[in-house]
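All chains should be built: construct the whole structure from the sequences, respecting the hints.
What follows is the residue order along each chain.
2 protein chains.
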Amino acid sequence: MHRDLPVSLGGLRTSELATAAGVKTQTLRYYERRGLLAEPVRTPGGHRLYPAEAVILLRVIKAAQRLGFTLDEVAELLDSGRRCHPTGALRERAVVKLDEINTRIEHLETIRTALAGVIEAGCDSLTHCTCPECPLPFVAIAPIPPGDVNLDVDAIPSRRTATRRRS
Amino acid sequence: MHRDLPVSLGGLRTSELATAAGVKTQTLRYYERRGLLAEPVRTPGGHRLYPAEAVILLRVIKAAQRLGFTLDEVAELLDSGRRCHPTGALRERAVVKLDEINTRIEHLETIRTALAGVIEAGCDSLTHCTCPECPLPFVAIAPIPPGDVNLDVDAIPSRRTATRRRS
DNA sequence: TTGCATCCGGTACCCGAGTACAGGCTTACC
DNA sequence: GGTAAGCCTGTACTCGGGTACCGGATGCAA
Chain A
-18 MHRDLPVSLG GLRTSELATA AGVKTQTLRY YERRGLLAEP VRTPGGHRLY
32 PAEAVILLRV IKAAQRLGFT LDEVAELLDS GRRCHPTGAL RERAVVKLDE
82 INTRIEHLET IRTALAGVIE AGCDSLTHCT CPECPLPFVA IAPIPPGDVN
132 LDVDAIPSRR TATRRRS
Chain B
-18 MHRDLPVSLG GLRTSELATA AGVKTQTLRY YERRGLLAEP VRTPGGHRLY
32 PAEAVILLRV IKAAQRLGFT LDEVAELLDS GRRCHPTGAL RERAVVKLDE
82 INTRIEHLET IRTALAGVIE AGCDSLTHCT CPECPLPFVA IAPIPPGDVN
132 LDVDAIPSRR TATRRRS
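Order-wise, the sequence lines are chains A and B.
When we follow my numbering, the leftmost residue of the first sequence carries the number -18, and every step to the right adds one.
When we follow my numbering, the leftmost residue of the second sequence carries the number -18, and every step to the right adds one.
There's no promise every hint is true.
[As the list claims (entries may be wrong)] Taking CB as the label site, the calculated pair distances span: (1) A:A97 with B:E34: 24 to 30 angstroms; (2) B:T6 with A:R40: 45 to 51 angstroms; (3) A:G3 with B:T6: 42 to 48 angstroms.
[Unchecked claim] Here are some of the chain A residues that sit facing chain B, going by a computed Cβ distance under 8 angstroms: (4) A75; (5) I82; (6) I86; (7) A95; (8) L96; (9) T108; (10) T111; (11) V120.
Just so you know, these hints were derived from the structure itself, not from any lab.
The beta carbon of each residue, even a glycine, is placed where N, CA and C say it ideally should be.
Structure follows, in structure tokens:
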């Protein structure tokens, strides 16, 4: 292998990487804190110098986000990908995530149906609707779905901070 | 009209209303701060005494939440319902909300398709996938959908606080 | 060498819908 | 009167994914 073409003579500066990956410079430091980006080499003065591969890594992170993974999950997937030979980790995660997405779609479809009913019936007030056979009281029967309209706060065991470092 | 049956002799205590409506007592005070619940009468000692209708109001709020409305929207709908004769406000809001819900469902369906593709192809790593014709790079093409997986932060003009009082 | 752009770490803040806790007061019952 | 339960206000915290701002240091070109 020959040497790579010189990339900004020694690495990418924070703003160069940010521009190349389409994120803000603050986001890079945020990802570093979260453990998604390894701490890069520094100049003698303390400025970060990223390797060219960092651009690809950031694209991968964004792709995984688009698939519905949280940054914590992305970090874990990247970690398990680094540590060992290919296992089923990604696949398993994807299957679980798919299930999650399906559940959320179902909840939203329930809402859509109820909302369409309210529109169709011509409801004109939450409290004193004058429409005949008003469906509003029946909306009260269904539970409030988690995760979409209201934030889903169950299944969160450990307290965490946005400024934590990686384990 | 005869007098209502005595309800706890003068009104509902905070915990009585909370229990009757299926919410926490703190939530009642939170709703009061948000302007969803009017400030109730107090005992000489400063304890809140709610009218019996408050239970119904809370059920209405919960029903509206189930339809996908935020508390701000619910507050507005309740307000416009109180101020004037039935207008199309609720209907208009519901139509807009329905559109919102549909958009979110579409985003989630895009994610679902991509995720199913990843599972079907048998991807085993985010960074070094060994599967043939890996779909992962193509995931990078679609934009990150707002509102669902990542929080939607556009279209927020005014700064607001959770502890504000109603206007 | 001067001047300006960029970068540094640290902290605080945003969204929504609550929840949690501290320290003090009131109410109700015995 | 004593005591326990409930209520009060006020503040801080949760989730996730970043943003915004600060004072100070560094990098680079003219």
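Worksheet item: Quick check: which numbered hints come out false for this structure?
Response: Hint check: nothing fails, all pass.
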